[in-house]
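Student: Position chain B relative to chain A; hints supplied.
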Amino acid sequence: MVSRSQAVVAAAGVCALAGSFFSKGDFASSLIIWVAVNVLMTASFRFVLLIGELNFAMAGFVGIGAYAAGMATTMYKLPFALSLLLGAAAAGLISLVVGFVTLRAKGPYFLLISFAFTEVLRLIYTRMDVIGGNSGMIGIFPPAYLARFYPTLVVFITIVFLFVLYRLERSAFGKILVAIRNNDELVQTVGIDVHMTKVWCLGIASFVTGVCGALLAHANNVISPGDFSFLVAVYTLAYLKVGGESHILGAVLGAIVLTLLAQYALGFGAYEHIFYGAAIVIGVLVLPDGLYGLLQRMLPGLRRPASPGN
Amino acid sequence: MDIYVQLLVNSLQIGAVYVLFSLGLTLIFGVMRIVNFAHGEFFSLAALLIAVAVPWLVDFGAPLPLAYGLAFVGGLCGVMILGRILYEFAFRRFQRDMIGSFVLSVGLALLMQGLFIEIFTGASRKLPTLIDGTVRILGGALTTQRLVLCVIALLVAVAMYWAIASTRLGKALRAVSEDHEAAMLQGIPYRRIAMTGFLLGTLLAAVAGALLAPVVVIGPVIGSAYLIKGFIAVVIGGLGSIPGAIIGSILIAVIESVGGYYFDPSLATIAMFVIVMVVLLVRPAGIMGNG
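Chains as they are written, first to last, in my numbering: chain A, 754 to 1063; chain B, 122 to 412.
Derived from the structure by calculation, the hints contain no laboratory data. Heads up, a few of these hints could be off.
Computed spacing ranges between beta-carbons, pair by pair [stated by the list, open to error]:
#	chain 1	residue 1	chain 2	residue 2	range
1	B	L388	A	V975	25 to 31 Å
2	B	V256	A	H948	35 to 41 Å
3	B	L259	A	S888	40 to 46 Å
4	A	F926	B	A284	47 to 53 Å
5	B	F384	A	V975	48 to 54 Å
6	B	A262	A	S888	35 to 41 Å
7	A	A925	B	C198	56 to 62 Å
8	B	L402	A	I945	20 to 26 Å
Every residue, glycine too, gets a C-beta built ideally from N, C-alpha and C.
The shape of chain A in the complex, shown without the other chains (with noise of 0.2 Å):
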């Protein structure tokens, strides 16, 4: 069953994916690279929204993606597809045993240990004098032969794992993960796991962030332990909720709109700021359904039972 809006969506990839293609100039393959990872980056921190939680360490994880994989193309002169993959594998991994202990906490609790702990590995990695401590890593570069095809590339794996992620949230996992921020302890009566559940959660979105640290490595070349701030996860989250958070269109919606905007109001530290600040606030205040819900309201042929509303 293909539906209208199936069909839009679809053919929206396929223009991504051929405009990255025949992209011209330095300016415009990064800003590719920089929209479809954030594109990335903001379903894979809503997906963890799905069992209600704001999963700060997002940040960290993008991190620990982006050095281990920096470490695999430049220590180890690993290929790049292996790079990549043991970027995710490592956020993965490093997240299930994390979640596993820290999610045992929710809500509030949940948030601020993700907070602390996005900004006590940022304060190791500057300590960690084989990963460059504070100056950071350089000469992560994506292999010559695919330097041409890197946005591309880059475009097209955002694309799969927006589809896998998207599969998973329409899938009896993704059911259990909604009923969860539902309501955990009626999840709990009739027999699910749901400690196991949120960890397995977390794990897979955090797998999908090490993708996006590692793609980030190697179209920066550089990175330092202070491009992994929790600013990081406060601007995804401004994509979140400009995008709105009821389908994970919402996410890549408002991740593509302010990332561009963005570009405008670019320049000093200040500006981003007030920029992305001001983005949050008038996100939640005037748009409480994001741009998404916006979209809508003005196309009826959009509606359709928004799946994790609260």
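Tutor: Positioned in the frame of chain A, the structure of chain B alone reads:
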């Protein structure tokens, strides 16, 4: 022996400010179920206003103590006005919506921080010393100014503790944070109490910032470091719990001064995180939290 006393004295003076800061956080969480990420910005604003006002007043010919006094009052008033505005137009609509209010406060914190950098510039400011001299307590040295700061902070904390434990308003605040619906059934005006709680919490952050203004170097992002530690303190103690906030703050202060002395500050921060993890493993809602 001397070194232990000195470390204890250091812990006390850091802890005094943390106690004020985290009391405000925990109070706001208690009455409104809001994790207020913008709390640090109230702290920053008070310190920044004083840092601007004192040199300005001194230029006008005011003697230093008077300048400090006026700036102190002005700074607190400024923060309270901002707090009232933010409550009215933003936080009031997100009471008891944990995620919504948190997202809102993150946005506000970012926005305010950007505005502070714009308005007050990134420059660091250091104010002239208000009270000269040092005192020795049991062999530990402390500048008189910091001692006065500690004493005031502790007095404010004790007064707040007493007010919450014994006054009519305090009882209402505690009733609301325990069960706001039951409190309303008893005829406690929830909305008014929630606003009072929020403004009291804001005032505590402002007092902490104002007290630190004469002793530290002030920049537009000064609140962030206190925010992170304040949150760790209340999480250790249990969100919403007043004794928990005090215990957590003192614990954090001890780790910071002892760890900072024997190792270095970033290791001390890592140690705080490890302790948070351990505490939450044993008690998922903090030491004094229930649930």
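Student: Would you mind marking each hint as holding or not holding in the structure?
Tutor: Taking the hints in turn, this is what the structure says about them:
no. : hint                         : verdict
1   : B:L388 to A:V975: 25 to 31 Å : holds, 27 Å
2   : B:V256 to A:H948: 35 to 41 Å : violated, 53 Å
3   : B:L259 to A:S888: 40 to 46 Å : holds, 44 Å
4   : A:F926 to B:A284: 47 to 53 Å : holds, 50 Å
5   : B:F384 to A:V975: 48 to 54 Å : violated, 30 Å
6   : B:A262 to A:S888: 35 to 41 Å : holds, 37 Å
7   : A:A925 to B:C198: 56 to 62 Å : holds, 57 Å
8   : B:L402 to A:I945: 20 to 26 Å : holds, 23 Å
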